[in-house]
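> Sequence:
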Amino acid sequence: MGRLFGTDGVRGIANDELTPELAFKIGRAGAYVLTGVGEDKPRILVGRDTRISGGVLECALVAGICSVGAEAVIAGVIPTPAIAHLVRSKGFDAGVMISASHNPFEHNGIKYFSGSGYKLSDETEERIEGIILDNAEEIKAPTGKDIGHITYDDSLVYDYIKFAESTCGVRLDGLAIAIDCANGASSVTAQKALEELGAEVFVINDKPNGININDNCGSTHIDGLKAFVAEKKADLGLAFDGDADRVLAVDENGELVDGDKIMAILALDMKERGCLKDNTVVATVMSNLGFFVMGSKHGLNIKRTKVGDRYVLEEMLKHNHLIGGEQSGHVILLEHNTTGDGLVTGIQLASVLKRSEKKTSELASVMHVYPQVLENANVKNELKNEENYMKFPEIRAAIEKLESEFKDSGRVLIRPSGTEPLVRVMIEGDDRELIARKAKELAKLFEEKLN
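Residue numbers 1 to 451, in UniProt numbering, belong to the letters of the sequence shown in order.
Quick list of the computed label-pair ranges, beta carbon to beta carbon: (1) Asn-385 <-> Val-56: 38 to 44 Å; (2) Leu-133 <-> Arg-432: 44 to 50 Å; (3) Lys-207 <-> Arg-432: 36 to 42 Å; (4) Glu-420 <-> Lys-391: 20 to 26 Å; (5) Glu-357 <-> Ala-436: 35 to 41 Å; (6) Cys-59 <-> Arg-432: 49 to 55 Å.
Treat the hints as calculated values from the structure; they're not laboratory data.
Think of the CB as a built atom: it goes at the ideal place given N, C-alpha and C, for glycine as much as any other residue.
My request is simple: use the sequences and hints to build the entire structure.
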């Protein structure tokens, strides 16, 4: 990760870590780098989620964009994947989203998309950082008619809704779908799209007030939707996060259908229809063991990447794979969009439900979820990586013993934290009590030896 940019843009507490002054600089440097501002004024699309800080950061960001001669087109409250889609479909030179995704309302973030609709490369982010932090490049300030200007286009969100509907392929008449909008960006898109496709839609948490985004609702707090699905006797529940690039599902019995199960359902449907390239799905190492067992049983080739949707996307683009994602519900369907798209993913899931005439629980039963236990070990930061901790004989022996013990019925995964002095010990297996005890023992050993 860079000095400003993390794994998903610039993040921080709004008006403290992520200040209007910094937003102005990000707008200015980002517009300069991404558009190479010249004689023809480039157009940059700007969207935000429902956080109270979105307005002030939008004003500062847009001021920075216009200060270098670019034009800012403000779409207002809109999902992150809508920005990715609209940049490409409407011919914008770049796009930028103001959102902190699934984080609490106090946080906010800024992330750019290139004109092709993809998040920025590390090299591009480093160049922007260099301008902001080191004055690495001189940016001239235009005057007079060369200053950029601002326009507002509230029709763009409906263009995105129509796009999402176009990916369905079937009508959803007869399906009852309950949705949790997390009081976020999906509040302006999800219900309308699903109803226009014919579904009967029941909605909770679609009344954002600036401070209730992700507040005990949405994909990070699924229990509310579970109860709501049962109350409404819905066929399917969909829970979005604050910027609607993720979705988790709930079956008709109120049971969670996580990102792994959603990918399993969609990938098998694609395979059955003959449109799954190389029968391949891309997932991270943190996907449940049951996902890989399911893949082996049904002839799916599942590639594994490091944790993070950017690594999933890199692998997908490298080999032209069409589906990939994470257990968290961040599912990328490259046939439709260049980033995770909660609404499109939910619509695809509903379309499988409709075409198959099966219940959601029946579709989800294709995958058995193994109990998964995660323990964090606090260690010296310089020792948390594998090449260092595996030099300790006791740690190496303990890991090898566990791998041998669980090789036929579980999995051991050791992963250093990317931001903290932690080693994460994850064990999967059928016996929850056993794997919980083993994970605690191994985490304790890490702390004893690496401090």
